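> Sequence:
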Amino acid sequence: MIRFILNEKEVATNLPSGTLLLDYIRYHRHLMGTKIGCREGDCGACTVLIGEIKNDQVEYSAVTSCLTALANVQGKHVVTIEGLNGDGLNPIQQAMSDESATQCGFCTPGFVVSLAGFCLSNDDHDQQTALASINGNICRCTGYKSIERAATKVSGLMQKKGDELAIDFVIGNKILPAYFKNIKARLKSLPTNGQQLTTKGQRFLGGGTDLYVQQPEAMVEASIVPLVLKEELKRIVVDENTCRVGGAVTVSQIVSSPFFQKHFPDIQKFIKLVSSTPIRNIATIGGNLVNASPIGDLTIFFLALDAQIVLNDGARERKVDLKDFYKGYKTLDKEANEFIKEISFVLPGSQTFFNFEKVSKRTHLDIASVNSAVKLEHANGTILKAHLSAGGVGPVPMYLNNASNFLTYKEVTEDLVFDTIEIALQEISPISDVRGSAEYKRLLLGQLIKSHFLQAFPSLSIDVLVQGSNHR
19 MIRFILNEKE VATNLPSGTL LLDYIRYHRH LMGTKIGCRE GDCGACTVLI GEIKNDQVEY
79 SAVTSCLTAL ANVQGKHVVT IEGLNGDGLN PIQQAMSDES ATQCGFCTPG FVVSLAGFCL
139 SNDDHDQQTA LASINGNICR CTGYKSIERA ATKVSGLMQK KGDELAIDFV IGNKILPAYF
199 KNIKARLKSL PTNGQQLTTK GQRFLGGGTD LYVQQPEAMV EASIVPLVLK EELKRIVVDE
259 NTCRVGGAVT VSQIVSSPFF QKHFPDIQKF IKLVSSTPIR NIATIGGNLV NASPIGDLTI
319 FFLALDAQIV LNDGARERKV DLKDFYKGYK TLDKEANEFI KEISFVLPGS QTFFNFEKVS
379 KRTHLDIASV NSAVKLEHAN GTILKAHLSA GGVGPVPMYL NNASNFLTYK EVTEDLVFDT
439 IEIALQEISP ISDVRGSAEY KRLLLGQLIK SHFLQAFPSL SIDVLVQGSN HR
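Note that the sequence shown covers residues 19 to 490 in the numbering used here.
It cannot be assumed that every hint is accurate.
[Said to hold, decoys possible] Derived lysine-lysine pairs resembling DSSO-like cross-links, with alpha carbons at most 30 Å apart:
| id | residue 1 | residue 2 |
| --- | --- | --- |
| 1 | K163 | K287 |
| 2 | K337 | K252 |
| 3 | K252 | K290 |
| 4 | K163 | K178 |
| 5 | K248 | K163 |
| 6 | K72 | K252 |
| 7 | K163 | K72 |
Simulated from the structure, these hints should not be mistaken for lab results. Fair warning: this is a prediction, and the values are worked out from it, not measured in the lab.
Between the sequences and the hints, there should be enough to build the whole structure, so can you do that?
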């Protein structure tokens, strides 16, 4: 039995745990404001809010219900567009109306729900954050400017909040209905899910953002073990010089983590290149690694950190270097009854440079043609240790072992960059596909390696690197 609060009502269902939240909302609860668009998490028409208790407060995130399993909302608060309604238009809806931000209306519920999530968040309530909150929503009528004006108007209202709790402010200003005030107490009274981590015949599920795109029919009928409900898998812990990231930690948790912000100052810039906010709110690190996409952004990120994973089958654990985890296309050093418990890596030191680069047809919200990351430990113009990764250039996400070893104890020069590119190009085996020809991908990797070095060592001559050839 799966129990949660849907808008103002507590609900319970015996439907298969793999049933999509979107289908439950529309076909079993007959709430038709949540729309069916792409069923791939790209359009945002199905956006809902999911609230759960964290640090003794209910925290809400906008998510795509078309990729969310019922199992993953056990004990949570799900809010559809109907759950935002009061006696009249709330200020978000009024702003959309005033700015002529809706035409055909199909996308409007998703935008309104996303902006409601912005109002409830603990983030800054400035215009930039308001606009970022709707980056997972698509409109094909308005050209977006009217929607941006509406979002700016909502941001202006939220900036009057001061030190007041967001939940108190939004209820007091009738942005949200009063029933939100009692949700924390009601969630605490819901029965917890006592499901075990490993049960024969069941499937482990993280956020579902890959599996429900690739295997929708199979997942709907599957009996799900929801890893995201296990608190021990949702933690980021630092032990001395090692960081351990739980397998069910989401991409959004990485972005908002004070640890990652401290040790990776450009983390927000990197993660902006990875999917959209509603996807980042549910996509897990473990799921990204197990999906084994040759262009998985987070996989490339952690490969360059020389990360190690811990696999657990419920009885035993074993450690595997991430660079040894991928045996072939979609083939892993992992048994069916194992899940990723955590990912660990050594903390970057004061003389460590890290960078992530990605090229895709669209700058944001797109799959990479080629992506790459690098970690360089250096001193006095000499590289002491290097870890270089690349995606989109082989059947698996690649740790470029030869190029990484070559860089050790080398003085940084423009010639070193060209030599590194030459060695890296010998390690890869790209194919031509819809994201570019093999030759184009080789060129891209060379350019990304140049970008890594130019950012790590600004004294290098950009003219020499730009004009020089990758093949000498």
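> If any of the earlier hints don't hold here, list their numbers in rising order.
Structure breaks hints 5 and 7.
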